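Mind docking chain Y on chain S? Use the hints.
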Amino acid sequence: MKLMKPKRDVGIIGYGAYVPRYRIRAEEIARVWGGVEDGLPLEEKAVAGLDEDTVTMSIEAARNALARAGIGPQQLRALWVGSESHAYAVKPSSTIVAEAIGAAGSILAADWEFACKAGTEALQAAIGLVGSEMAEYAMAIGMDTAQGRPHDALEYTAGAGGAAYIVGPAENALAILEGSYSYVTDTPDFFRREHQHYPQHGNRFTGEPAYFDHTLRGAQGLLDELGYKPSDFAYAIFHQPNVKFPQTAAKQLGFTKEQITPGLLSGKIGNTYSGAAMIGNTAVLDIAKPGDRILMCSFGSGAGSDAFSFVVTEKIRERHAKAPKTMWYVQRREVIDYALYARYRGKLVMN
Amino acid sequence: MRDVSVVGIGQTKVKEHWDKSLRGLATEAVLAAMQDAHVDHADALYVGNMLSGELTGQENLGALIADAVGLRGIEALKVEAACGGGGAALRVGYLAVASGQFDVVIVAGAEKLTETSNCSTTAALALAADGDYETMHGISFVALNALLMKRYMYEFDLVPEDFAAFTLNSHANAVNNPYAMFRSAITLDQYKKSRDIADPISVMDSAPVCDGAAALVLMPTDRLNGNGARAVKVAASASGTDSLGLHDRRDPMWLSAVEISSKKAYAQAGIAPKEVDLFEVHDAFSIMSVMSLEAAGFAERGRGVNLAREGEIGIQGKLPISTMGGLKARGHPVGATGVYQAVEAVTQLRGEAGKNQVPDAHVAMTQSLGGVAANAVTHIFVN
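From first to last, the protein sequence lines stand for chains S and Y.
If you're matching positions, the first sequence starts at 1 in the working numbering and goes up one per residue.
If you're matching positions, the second sequence starts at 352 in the working numbering and goes up one per residue.
So that you can see chain Y by itself, here it is in the shape it has in the complex:
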């Protein structure tokens, strides 16, 4: 297996794109990435997306987007892993280059959640959960996460405010990200006053419904064709799974897919968690940030909130997370998010993160989760 590098990145703003279509957003991101990579051709395209069929009446995205960006004829496939689709598309793209099969691969993530009414979007997002055992009882995706948060708070003796630092950090970072959906800082008071979506998860604990697309160009590290200057190596690409049904988890308070995926990634990259300089965590809900930090080995079980409470998750902290706003403030166009995370990790390692630049960033980790971490795809980038 060859080494793989990211040579180009592209992204659209994350927002309610009333006037842009799914294919339009994807095209914008892909063309930007190709331009950044100085390529006008690719051998393959993998598109991460969750709800194109359900919400926009469109499947067959691989062929559609390849054609839309002027690459009709190449290999092109849609990759699905619920809200982890972006990470999954990157995994597939990575394998395509690492295996020696292709030399120029585009990985895109695109999602349009605002195409329909709130009820349809909520119902569609629940497709990430277990249909026969969970959603058929009427539980929403937020409610499933709320069950975890409630139990977690009970077992580890916490109150909702203990989770505030994650939201405050994300929003503070998004202020400096022109692609982010929410660009104003949030105060603790605003966090405390925010209304519940599904108790104890409030609006301020939860990523927004939004649209966006991001893309990467991957090439073999030893055949960058003059793109070496801003290339960033993919040191690890690994994934793991867990049951969908929370009722079926051996230990619902532990995200074992995150553990499996993270451990494989550390082994592949030959590093330990403490060597990670920044972590683009899947903060769809603040409880996910907390539990991910634990299962990924950055905090002990039940102590995930401490890192945040002690101020260690900020840009200057011990483990900066959500450095460009994360899912909460940059936004979470579900199937595209994993690619946004990678775009941001690469930006950090190129030293181009501006006011949000993590000092001396050499190792960046991204983690894209599908469902309530039923699928976890981890990537580690190094410069």
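Just chain S, with the same shape it has in the complex:
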């Protein structure tokens, strides 16, 4: 059996999102670079400010998650940040976040990397840690301030944002985990070598053999293992590098537009990489009702997919409003131009 389910039932105790306030519109990027071949892939993307990075953003998301969870930070036994834009190559973002929220001390705090699925791998590990009773609570964060190479197709979509989840025993959960399934192969569709500033990608190779192959196998794998059909779910969230890919994946699997729309944020905030599926899911949790079943399926280049099935409990009602909702962050926006974007993203040569 390939389904992963811990010995004791676990679930999401608290969740929190974060998106920076700045936005650059795709048409503004097109103005500078003369447009893109197949039309603009989304409306606008979020841009981290001068004093923001994966660490600062993770701290706010973590605080939001703690607020909803209603537990103290010292109850966490692991805090794991998954990102492809960690502040350091060596020295974890996770330790800084843990310290900042008062969770340092008796805790695990390594960083995770698997392109856009680093956060959901951290989530799988958190599920394992809590499910094995090694810990009562563990936090997994997916967060990124992805760098887009100027004049590259991905510059239009490389956004900033993500979410934090606290995993704990099912009895205390606002959404219980029914099981998860992960599918991974060695597929080099998108990568960055150690001293490179920008990643490289394989153009069309990132589509069918990468995103679609792994997403479809991940999601269908989970559905088959659990014996579910798409209609058994109230919502489905897929990794969202743009708007078209998750729509196409959903259609191919048999999910409807209504099921995926609440969790599809990329049109407004861009591709938040490790944060993408996870923040799509927080947007859904913000509106979910007890009994709703949710599919969350990430994709990370390199490549692989993590698929999870959650069922929302009564506890969601009292926890929705304990921290800012995802859409509050999405709608909190200040549009900037390419010049400010270049400054904020450190693209100006200063010496």
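It should be emphasised that the hints constitute simulated quantities derived from the structure, not laboratory data.
The structure presented is a predicted model; accordingly, all values stated were derived computationally and were not measured.
The beta-carbon is built from N, C-alpha and C at its ideal position, and this holds for glycine as well.
Just to be clear, a hint being listed does not mean it is correct.
[Said to hold, decoys possible] Counterexamples of contact, computed for chain Y against chain S with all Cβ distances above 10 Å: (1) ARG353; (2) ALA419; (3) LEU498; (4) GLU506; (5) VAL510; (6) ARG534; (7) ASN576; (8) GLY621; (9) ILE622; (10) ASN734.
[To be verified] Cut-off 25 Å, straight-line C-alpha distance, at most; resulting in silico cross-link-like pairs (PhoX-like, lysine-lysine): (11) S:LYS347 x S:LYS91; (12) Y:LYS584 x Y:LYS625; (13) S:LYS244 x Y:LYS544; (14) Y:LYS543 x S:LYS244; (15) S:LYS289 x S:LYS322; (16) S:LYS244 x Y:LYS366; (17) S:LYS229 x S:LYS251; (18) Y:LYS366 x S:LYS251; (19) S:LYS257 x S:LYS325; (20) S:LYS5 x S:LYS289; (21) Y:LYS669 x Y:LYS584; (22) S:LYS244 x S:LYS268.
Chain Y alone, transformed into the frame defined by chain S:
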């Protein structure tokens, strides 16, 4: 010189073969052709390819493919003529049999363009043009063809839509070709709305970047070893050249390599253009179809679009072209394309083209161009 016949054909689908290597594709096509020909051995192998070194880091394809298909030891060479490599490999294979040197020759064409990023592929395709005088200025291969199309439209008072019928025809034919890359019909509206690659050439005027391999087995016509039933004779094999640089052409609006090659082929086959029942033209760009039809003697100068506009290029028309989709819709794995054209011509003359069967097909012409027709290799097949 002896007569030569095609006794076996093989091809892979044309698509983005993410999971197949260049040698894998070539092997698939060659083994299929050998099986079709009922041979388990060959005396020589000639492989048409343009960019194996540049894009997949592999040269020495002759020996590589011979070994891969289990024919280690035989004569095996790579033949290069840019995007006309397939036709060129067939020319060499034809000479090898016609000369009496070999009795069983495999001609293969294989290409893997999707191995690298778009920029690398675009830069690599430009190797077909004049490096010192054209590409060093940054012009791409599409842009060179766009210059021709723009001038042609100016001189003969045409608009882009006048070229649409070629694309519509190719796509309509590809619907019935299971090996084709694009198998849905295109409407005039879709043609008009398609975005420019290099004005006035749009996506719909241009063959796609793709991978594929095709192969033929050639034997002397009078020693077919029982393969006569489905054999198709090569009535002509001829080629010609022109300057690479368009700026250096005596008349840029005339593809003189096409004229030289076609005339030699007609003379060799003892026929006139009007006796050709179908023409697998090198439609890398719609402007190439138009100018090829003229220089090959099927239309008067400046009137190449008329044949298409008058509906004469369809399967039931006066001169069916791109009968299985052509470069535009079946696809254009550059160095392999000339062999795909031959495979399709043979299929037509065997009467095995299904829904795309040209009625009473007895004379099929294929033409493979290298660069902007700097090299033109023409073959005529008869049954």
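Going through the hints against the structure:
1. ARG353: holds (46 Å)
2. ALA419: Label holds. Min Cβ-Cβ 23 Å, cutoff 10 Å.
3. LEU498: LEU498 (chain Y) clear of chain S: closest Cβ-Cβ about 21 Å, beyond 10 Å.
4. GLU506: Since the minimum Cβ distance to chain S is about 30 Å, GLU506 (chain Y) lies beyond 10 Å and the statement holds.
5. VAL510: The claim stands: VAL510 (chain Y) keeps its Cβ more than 10 Å from every Cβ of chain S (closest is about 24 Å).
6. ARG534: Per Cβ check, ARG534 (chain Y) is outside 10 Å of chain S; nearest 16 Å; holds.
7. ASN576: holds (43 Å)
8. GLY621: holds (47 Å)
9. ILE622: holds (43 Å)
10. ASN734: Its Cβ never comes within 10 Å of chain S, the nearest being 40 Å, so this holds.
11. S:LYS347 x S:LYS91: holds (24 Å)
12. Y:LYS584 x Y:LYS625: Since the Cα atoms of LYS584 (chain Y) and LYS625 (chain Y) sit roughly 19 Å apart, the hinted pair holds (cutoff 25 Å).
13. S:LYS244 x Y:LYS544: holds (20 Å)
14. Y:LYS543 x S:LYS244: holds (24 Å)
15. S:LYS289 x S:LYS322: holds (16 Å)
16. S:LYS244 x Y:LYS366: holds (22 Å)
17. S:LYS229 x S:LYS251: holds (13 Å)
18. Y:LYS366 x S:LYS251: holds (23 Å)
19. S:LYS257 x S:LYS325: Status holds; Cα separation ~22 Å.
20. S:LYS5 x S:LYS289: Between LYS5 (chain S) and LYS289 (chain S) the Cα gap is close to 23 Å, so the pair holds against 25 Å.
21. Y:LYS669 x Y:LYS584: holds (23 Å)
22. S:LYS244 x S:LYS268: holds (13 Å)
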